[in-house]
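A.B. asks: For reference, the chains in residue letters:
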Amino acid sequence: MDLLKAAPKEQKRDLGAAINGLKQQWEEGLKARQVELEDAKKRLAALATGWDPTLPPPVPAQGALHPLNRLMDRLVDVFRPLGFHVEEGPEVETEAHNFDGLNIPEDHPAKASSDTFYLAAHPELLLRTHTSPVQVRTLLRVAPELATRGGIRFLAPGRVYRKDEIDPTHSPMFHQVEGMLVGRGIGMQHLKGTLEYALRALFGPHTEIRLRPSYFPFVEPGCEVDVSCPLCAAKGCRVCKGSGWVEILGAGLIHPNVLAYAGIDPAEWSGWAFGMGVERMAMMLSQTPDLRLFFENDQRFLKVMGGLD
Amino acid sequence: MLLERQALAQEIPAAAGLETRELCELFAALGFPVDGVARREGTEVLDVDITANRGDAMSHRGLAREVAAKLRQPLTPIPALPTPEGPAVVEVRLDSPACPIYSTAVLELGSGATPQQVQAFLLALEATPKRLPAVDASNELLHRYGHPTHAFDADRIQGAVSIRWAKAGETLVTLDGVTRTLTSQDLVIADAGGAIALAGVMGGDGTKVTESTRRVLLESAWFDPKTVRATARRHSLHTDASHRFGRGADPAMARVARDLLVGRLQAWCGAKLLGAWTVGGLPPVGAPVTLTESLLSRIAGEPMPLPDAAEALRRLGCEVAVEGDRLVAQAPRWRHDLAIPEDLAEEVLRLKGYEGISSVLPPLEGPPEPLSAAYLQRQRLSRRLAHLGFHQTVTYGFISPEMDAAFVDPANPAEGRTLANPLGQEYSVMRGSLLPSLRAAAEQNLRQGGREVRLFELAPTHASGPQGPVERFMLGVVWGGTLGGDDYLSPARGVREADLSGIARTLGWSGTPTVRVLGEGLFGFELPVADLPQAGDRIIPSFRPFSRFPAVERDLSLLVDLACSHEVLHRAMAAALPAECLQDLRCVDVFRHKSLPEGRQAWLMRMRFQADRTLVGDEVDGWVAAALAAAESLGARLRA
Numbered sequence: 001m002d003l004l005k006a007a008p009k010e011q012k013r014d015l016g017a018a019i020n021g022l023k024q025q026w027e028e029g030l031k032a033r034q035v036e037l038e039d040a041k042k043r044l045a046a047l048a049t050g051w052d053p054t055l056p057p058p059v060p061a062q063g064a065l066h067p068l069n070r071l072m073d074r075l076v077d078v079f080r081p082l083g084f085h086v087e088e089g090p091e092v093e094t095e096a097h098n099f100d101g102l103n104i105p106e107d108h109p110a111k112a113s114s115d116t117f118y119l120a121a122h123p124e125l126l127l128r129t130h131t132s133p134v135q136v137r138t139l140l141r142v143a144p145e146l147a148t149r150g151g152i153r154f155l156a157p158g159r160v161y162r163k164d165e166i167d168p169t170h171s172p173m174f175h176q177v178e179g180m181l182v183g184r185g186i187g188m189q190h191l192k193g194t195l196e197y198a199l200r201a202l203f204g205p206h207t208e209i210r211l212r213p214s215y216f217p218f219v220e221p222g223c224e225v226d227v228s229c230p231l232c233a234a235k236g237c238r239v240c241k242g243s244g245w246v247e248i249l250g251a252g253l254i255h256p257n258v259l260a261y262a263g264i265d266p267a268e269w270s271g272w273a274f275g276m277g278v279e280r281m282a283m284m285l286s287q288t289p290d291l292r293l294f295f296e297n298d299q300r301f302l303k304v305m306g307g308l309d
Numbered sequence: 001m002l003l004e005r006q007a008l009a010q011e012i013p014a015a016a017g018l019e020t021r022e023l024c025e026l027f028a029a030l031g032f033p034v035d036g037v038a039r040r041e042g043t044e045v046l047d048v049d050i051t052a053n054r055g056d057a058m059s060h061r062g063l064a065r066e067v068a069a070k071l072r073q074p075l076t077p078i079p080a081l082p083t084p085e086g087p088a089v090v091e092v093r094l095d096s097p098a099c100p101i102y103s104t105a106v107l108e109l110g111s112g113a114t115p116q117q118v119q120a121f122l123l124a125l126e127a128t129p130k131r132l133p134a135v136d137a138s139n140e141l142l143h144r145y146g147h148p149t150h151a152f153d154a155d156r157i158q159g160a161v162s163i164r165w166a167k168a169g170e171t172l173v174t175l176d177g178v179t180r181t182l183t184s185q186d187l188v189i190a191d192a193g194g195a196i197a198l199a200g201v202m203g204g205d206g207t208k209v210t211e212s213t214r215r216v217l218l219e220s221a222w223f224d225p226k227t228v229r230a231t232a233r234r235h236s237l238h239t240d241a242s243h244r245f246g247r248g249a250d251p252a253m254a255r256v257a258r259d260l261l262v263g264r265l266q267a268w269c270g271a272k273l274l275g276a277w278t279v280g281g282l283p284p285v286g287a288p289v290t291l292t293e294s295l296l297s298r299i300a301g302e303p304m305p306l307p308d309a310a311e312a313l314r315r316l317g318c319e320v321a322v323e324g325d326r327l328v329a330q331a332p333r334w335r336h337d338l339a340i341p342e343d344l345a346e347e348v349l350r351l352k353g354y355e356g357i358s359s360v361l362p363p364l365e366g367p368p369e370p371l372s373a374a375y376l377q378r379q380r381l382s383r384r385l386a387h388l389g390f391h392q393t394v395t396y397g398f399i400s401p402e403m404d405a406a407f408v409d410p411a412n413p414a415e416g417r418t419l420a421n422p423l424g425q426e427y428s429v430m431r432g433s434l435l436p437s438l439r440a441a442a443e444q445n446l447r448q449g450g451r452e453v454r455l456f457e458l459a460p461t462h463a464s465g466p467q468g469p470v471e472r473f474m475l476g477v478v479w480g481g482t483l484g485g486d487d488y489l490s491p492a493r494g495v496r497e498a499d500l501s502g503i504a505r506t507l508g509w510s511g512t513p514t515v516r517v518l519g520e521g522l523f524g525f526e527l528p529v530a531d532l533p534q535a536g537d538r539i540i541p542s543f544r545p546f547s548r549f550p551a552v553e554r555d556l557s558l559l560v561d562l563a564c565s566h567e568v569l570h571r572a573m574a575a576a577l578p579a580e581c582l583q584d585l586r587c588v589d590v591f592r593h594k595s596l597p598e599g600r601q602a603w604l605m606r607m608r609f610q611a612d613r614t615l616v617g618d619e620v621d622g623w624v625a626a627a628l629a630a631a632e633s634l635g636a637r638l639r640a
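Protein sequence lines correspond, in order, to chains G and H.
Just so you know, we're using my numbering here: the first sequence kicks off at 1 and counts up by one.
Just so you know, we're using my numbering here: the second sequence kicks off at 1 and counts up by one.
Since the hints were derived computationally from the structure, they do not count as laboratory data.
Treat the hints loosely; a few may be bogus.
[Said to hold, decoys possible] Sample of chain H residues at the chain G side, in silico, Cβ under 10 angstroms: (1) 16; (2) 18; (3) 19; (4) 22; (5) 24; (6) 38; (7) 298; (8) 346; (9) 372; (10) 379; (11) 428.
We put the beta carbon where it would ideally sit given N, CA and C, even for glycine.
Excised from the complex, chain G in its bound form (with noise of 0.2 angstroms):
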């Protein structure tokens, strides 16, 4: 401004419009500035106060099914649908549920203490060497009542215990699951129609399955089951040993033995039965290299192999 006052005449004019200009333009800046400064302070409120959404949040823990017991879950899943319930039965079983009722001669070697485990106070108890005795207890349980209902249908999922040393691939406790079907003119032809609906229900509807004639005193016919290896689409690899193939279960028409031991006449009633080894089918589908892992119970393996649906 004292320069203004001071300044010849002819440019007061225009010097005064130039102060007035870098005035204006100060003030501008300095506004600008505070608004800037402020923003900048509500910017740091807002973070302070804020969340980070990449951050990891609390996550509520997560458990796991066990894999064997998902797989049975799964296998009961499959059959359900066509009128199958479940039936359970003891581990400390009878030798009359877990032989002599399945059509096991006296002297079969299953039946030795090298074998299968019996326990000392009582001899004629034994740990069940198979989910079998399940079918002898439903068929003696529903024997009076066949006629009204028609027949019966069921899974048998459990444990089961066998004197075999522990390694990678035998195990003292393992579980089965049995199926049965009671009915009227019963064949083969049914025994495949389910089987393959169900290993289809399981493992893709591509899969193919294949009977082949074996031998279980408690089925007559018998048969093992192969289905099309569900790892390789059947195109041959380690786990079917390049053949396509993989054995699945054990199965066959029910021993008319079987039947007459529960009080149900052959001559009007057949049937057939399955079982099934449970850890040897998740080995398969897994690839677990040992059967002790399933047994060994480490949160990293069940977190991984269970899961929760």
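With the hints as your guide, set chain H onto chain G.
C.D. replies: Frame of chain G, contents of chain H only:
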């Protein structure tokens, strides 16, 4: 069973042209899966799996019969020249019905050895040639024709030979050098000096053929399968012979195998026949079996004409007559497994091929049954616990008596639950509690570096009872280690007993569960599954009205005795409050500090009231005062 391909082709020439893969598939389709193929002694050897009911298939001839039947191709006739029989050289007596026929011969051995190709055949089958013609020939015949035979050193036999039951306590040193103490259920070959062989199982050491043997007595007999199985099991002596006799050999082969053996010894070492004779005769054949067309068609799932079925059974060696709607079949002597109509139906299907069976879903017979409440309850419990962060375990049902005793009521003694023949002491007791196994699994997880371990198991436990162990399904839960600290909002803290109690509550357990300390910072509880709530019959429970008026909360900070139980204080305070308005009463904070009077702790008791009207301050004040008075009656006082 090991099968050498060239020897198979000698029995069934049609097999020679098959690729190995084709042969394996053929065997699998017949019910004899091939476990492996190896090359030994310049030939291919198949490891064929033979089911226990098919003793007749445990030889090259036996499997050749199967291939011949399937392919409708002829078998090579057995090249046996009948040995002329004459009077007995040594007296042989059959003193037990378990040996109905005994064909024998005495030969004087000449010089000569087992032919190279026979040695190679035995080596290919992983059998060791002894280079003694009598022994090797017997062994070769067993593998080729499935009929076990034996050669004794005739000069070491004293007096007459008898096939009799052993005398209890009688001893015999078998070929493996083991001294066997026999029972009266063991069938033996004996001479005047005692037992010289375990019939159908193993020869005796004292009469074995050696390099110095000059004369041999041959044995080609048939022994009762059950007797042989029992003896083999009793003495844990499972031999090639016991496997075959035990599953049923062909009695008609007794004479044939003797003839073959004589022929080999004559050819290989110029042996001179001193006499051949047979004692006894063939046992009676089994009863013929009748199969109706309707049964066959029911099993096969399609109409099966009887003439076709008869033709299939004839290919297997059966004599068959078709009579109207049924066929009657007499099984050949080598088949001991064709006893009922279903057995015949299986054979017909087997030869036809299981691949031809159609695929039909069975019609529903009646209304399906629901899943049982107990099963569904376990399914729900395991899902609930998995969602609460717990991992389901599967552990063995048997544990060591020490582990068991630590958790089981003395009223449940281990004796009634102990196995007679456990794998070891650590697996000898059917457990009375799940906690020992869960503790072991939890500790293992923590040792392996797990920060927190949450496990559960749903499995039966056992209680000793007069009739045997009684099964009860239990739920075991263990939790240990450090909780939280994995994110910026959840502080880390050790797992506490109360955490376990909370889990039991959330599963619907009404009381306070017994939480066991299983280790440092490791806790567990166990509950009978049947005592946990089951899903009711109703899909949705009946409606219970609730108030829409505001609730009032009041806190009382109380100094209470350290010995005071929350349950007692709670009960007393609740009794003083109007039940219809009291919605909740609980301790929400526990404070223990040295600044508090000695022997005291501070509890913050929170009351929540609600009614079908707006509550007035004065009436709530009155209730709070009453609750305080009730607390004071138990020695509590208001904290300043």
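A.B. asks: Which numbered hints turn out to be false for this structure?
C.D. replies: 1, 2, 3, 4, 6
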